[in-house]
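*Asks:* Take a look at the letters that make up each chain.
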Amino acid sequence: MSPNVLPGRLLVVDDNKVNRLLLGRGLEQQGHRVAFAENGRQALEMLQQGEFDLMLLDIQMPEMDGYQVLEKVASDLKLRDIPVIVTSALEELDSVVRCIEMGAEDYLIKPIKPVLLKARIGAGLEKKRLRDQQRDLIRRFATAEVAQDMEKSGFALGGHFVEASAMFSDIRGFTTLAESQSPADTIELLNTYYTLMFEAISSQGGVVNQMIGDGLMAIFGAPLPLINHGEQAVLAALEMIEMIDLFNLDQAASHHPTIKIGIGIASGQVIAGYTVGDTVNLAARLEAHTKVAGQMILIDESTRQTLNPTIQVESLGPTLMKGKNQEVTIYAVPIRQQA
Amino acid sequence: MEEQAIIDLPTYEQLKELMGSDFIVELVDTYINETGTLIAEISQAYKDGQAVSMGRIAHSIKSSSASLGALVFSQQARELEMMGKANDLAGAEQKIEKLTAEFSLVTQRLKELVNES
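Chains L and X, in that order, are what the protein sequence lines are. Converting from the first sequence to my numbering requires adding 1412 to each position, the first position being numbered 1. Converting from the second sequence to my numbering requires adding 1 to each position, the first position being numbered 1.
A few chain L residues that face chain X, going by a derived Cβ cut-off under 8 Å, partial list only:
1. Asp1427
2. Asn1428
3. Lys1429
4. Val1430
5. Asn1431
6. Leu1433
7. Leu1434
8. Arg1437
9. Gln1472
10. Pro1474
11. Ala1501
12. Lys1522
13. Pro1523
14. Pro1526
Simulated DEER-style distance windows between Cβ atoms:
15. L/Pro1637 - X/Asn88: 48 to 56 Å
16. X/Met83 - L/Ala1447: 28 to 36 Å
17. X/Glu117 - L/Ala1596: 46 to 54 Å
18. L/Asp1506 - X/Ala91: 18 to 26 Å
19. L/Gln1545 - X/Asn34: 38 to 46 Å
20. X/Asp89 - L/Glu1463: 41 to 49 Å
21. X/Lys99 - L/Gly1627: 57 to 65 Å
22. L/Val1527 - X/Ser105: 29 to 37 Å
23. L/Ala1447 - X/Ser105: 31 to 39 Å
Cross-link-like lysine to aspartate or glutamate pairs, in silico, DMTMM-like; alpha carbons within 20 Å at most:
24. L/Lys1530 - X/Glu18
25. X/Lys86 - L/Glu1475
26. X/Lys86 - L/Asp1506
27. X/Lys86 - L/Glu1503
28. L/Lys1672 - L/Glu1600
29. L/Lys1429 - X/Glu35
30. L/Lys1525 - X/Glu14
31. L/Lys1490 - L/Asp1544
32. X/Lys86 - L/Asp1477
33. L/Lys1525 - X/Glu18
34. L/Lys1429 - X/Asp30
35. X/Lys17 - L/Glu1440
36. L/Lys1525 - X/Asp9
37. L/Lys1429 - X/Asp23
38. X/Lys86 - L/Glu1504
39. L/Lys1429 - X/Glu27
40. L/Lys1429 - X/Glu42
Worth flagging that the hints you see were computed from the coordinates, not collected in a lab. Backbone N, C-alpha and C define an ideal beta-carbon position, used for all residues, glycine too.
With the rest of the complex left out, here is chain X (with noise of 0.2 Å):
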C-alpha cells in the first residue's frame, strides 16, 4: 500500500482556496492549541479508566483533522473513538503514543505548507 501523506495536499489546497490564505493561518494555528489540548485531555481520559470520554475526545480530534486534510492522524484517532464508545481501554495506551507520534508530523507539516504561502 502506498504510504498516505501526512496531509492530504488536495485537501488541504482545496480548503485554502476557499477559504482565503489569511484565514488559513488563523485556522492552523487554532488547530495546533486546539488540538495539542485535545490530546492531553485524551491522556487524562485514559489514565481516568474514563473510555466514554476519551472516546469522545477522540472523536472532536477525527473531524476537525479530516477537514484539514491530516488523514492518517484522524484515521488513528477514529480508532479511539471505536474504542470508547464500545468501552475497551486494552491496548489504548499504544495508540494514544501513536496519535502523539502524529501530530507531532501533523504539526510540523502544516507550519510547513503556511509558510510556503
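Next comes chain L alone, as it looks inside the complex (with noise of 0.2 Å):
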C-alpha cells in the first residue's frame, strides 16, 4: 500500500455478498480493515457499536436503502463526521447528486477500478483525520460553550451567508526549513507551531477550521457571530506574530531555525462552514500577497473599517494582487514593537 495513506476501520455496505467479497479484498490489499454490513439498517447498528474511520455505501438495498442510512447519519452527532463513500452504477449518477446533497462525501462507479478506490479512500481518510484533529484541538482550545455548539452544529451551519472574517496564515520559506532538519524536528515544530497559533485565533474567538501542511485557515464570525470579527481577527494576527517572535528566541537559543508567517484577512459575507467564497479568496491572495509588499500582515478595506482607531494601518493604495483582475485597496497592519 501507498506510504502516505494509513489504514482505516471501512464498513462496506452492499446486499450483494460478491460486491462485498471483491471490495473487501481490494480494500484489505491496501492495508485497511474491513467490516461488512449487508443492508441499511445493519449497518447502522454497526457503527453504532464499532468505530469506523470510513463508510463505503451502496445505494439499492432491501431492508434499509442508502438514503435513509445517510438521514440516519447526518442526524446522528456520533456519526455524522464519518465520511461516506457511496458506490453506484454509472446510470444512477442522479441519485449519486442526492446522496451527496445528503452529505455523502463522495462517489465511486461499480464495477469499481483499484487505482480510484484507493484515491478517494485515501482522501477520505485524510478528511476523518482532519475532523478528528481539528475536535480534539477544539476540546483543547475552545470554551465549552463554543466546542458544544460546534459540535452540535458539525462544523456546517446548513450553507447560509454570514458576516465574518477569513483569515490565512502560513511559514514563510517552509520548504527549506523542512529541508534542512530532520522530519522529526519539522513534525516538533508544526505542533508547537499550531498549538501557538490555535491559542492566538481561539482566544480572539476565531475557529481554525482547516490545516494544510503548514498553512491554516481561521474564521471569526462563524460557526458564533462575533461583533467586531474583523478587529478580533487583527487582534488574533498581531498576537499571533508575537508568539512566533517569542518561539523564534527559544529557538534561537537551542540553535534550531527560526520562522516567519504571513497573514492576509478579508471580510464580508462568506457561507458558514465552507472553505469557499470571495472573501475566503481574498484572504488567501492577501496571504500570498504578503511576500510580494514585504509585510508581515495584510488586510481588505471591509477589515479595516472594523478596526478601532488605536490599531495603526498602513495603506498601500489600490493593489493588484495575483489571481485577480481589479486593483483592491489593501492595508498592512504594522507589528507592535515589543516594549
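Dock chain one against chain two, each of which comes alone in its own frame, and use the hints as you go.
*Replies:* Right under this line is the structure:
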C-alpha cells in the first residue's frame, strides 16, 4: 500500500455478497481493516457499536436503503463525521447527486477501479483524520460552550451566508526549512506552531477550520457571530506574530531555525462552514501577497473599517494581486514593537 | 454485430490478476450460488407481481455480473431492472427465461475458466 495512506477501519455496505467480497478484498490488499453489512439497518447497528473511519455505501438495498442510512447518519452527532463514499452504477448518477446533497463525501462507480478506490479512500480517511484532529483541538482550546455548539452544528451550518472575517496564515520558506532539519524536528516544530496559532486565534474568538501542511485557515464570526470579527482577527494576527517572535527566541537559543509567517485577512459574507467564496478567496490572495509586499499582515478595506482607531494601519493603495483582475485597496498592519 | 462473449476475458483476467487466483475460485463459487438464489427471487417477485422488488434484485445481479465480466447477462439483468423501475411487468416472463438460460452458460463458462488455472 502507498506509504502516505494510513490504514483505516472501513465499513462496506452492500446487499450483494459478491460486491462485498470484491470490495473487501481490494481494501484489505490496501492495508485496511474491513467489516461488512448487508443492508442499511445492519450498517447503522454496526456504526453505533464500533469505531469506523469511513463507510462505503450502496444505494439500492432491501430493508433500509442508502438514502435512509445517510439521513440517519446526518442527524446523529456521533456518526456525522464519518465520511461516506457512495458506490453506484454509472446510470445512477442522479441518485449520487442526491446522496451528495444528503451529506455523502464522494462516490465510486461500479465496477470499481482499484486505482480510484485507493485514491478516494485515501482522501476520505484524510478528511476523517483532520476532523478528529480539529475536534480534539477544539476540545482543548475552545470554551465548553463553543465546543458544544460546534459539535451540534457539526462545523457546517447548512450553507447560509454570515458576516465574518477569513484569515489565512502560513510559514514563509517552509520547504527550505523542512529540508534543513530532520523530519522529527519538523513535526515537532509544526506541532508547537499549531498550538501557538490555535491559542492566539481562539483567544480572539476565531475558529481554525482548515490546516494544510504549514498553512491554516481560520474564521472569525462563524459558526458563532462576533460583533467585531474584523478587529478580533487583526488582534489575533498581531498576537500570532508576537508568539512567533517568542518562539523564535527559544529556537535561536537552542540553535534551531527560526520561522516567519504571513497573514491575510478579508471580511464580508462567507458561507458558514464552507471554505469557499469571495471573502475566503481574497484572504488567501492577501496572505500570498504578503511576500510581494514584504509585510507580515495584510487586510482588505472591509476589515479596516471594523478596526478601533487605536490600531494603526498603513494604506498600500489600490493593488493588483495575483489571481485577481481588479485592483483592491489593501492595508498593512504594522507589528507592535516589544517594549 | 459481433457476438459478445459469455464472459469478457479481459475483464475476468484483470480481476484475477488483481485479486489473486485463490480468491477468484472463492469469488466464482460465491457468485454462482448467490446469483442462483437471486434468479429464483426474481421469478418469485414476478409471480407475486412485485415489479419494484424484481427491479431491485435485477439491479443487484447486474452489478456483480459486470464485475466478473458476464456482460451479456448483466445487460439482460439491466433490462429487467429498468422494467421494475417503470413498474412494467409486460414481457418480463420471457426476459426472465432468457436470463435463466444465459445464467447456465455463465455458470458453465466460469467453471471452465476457474479449472483452467
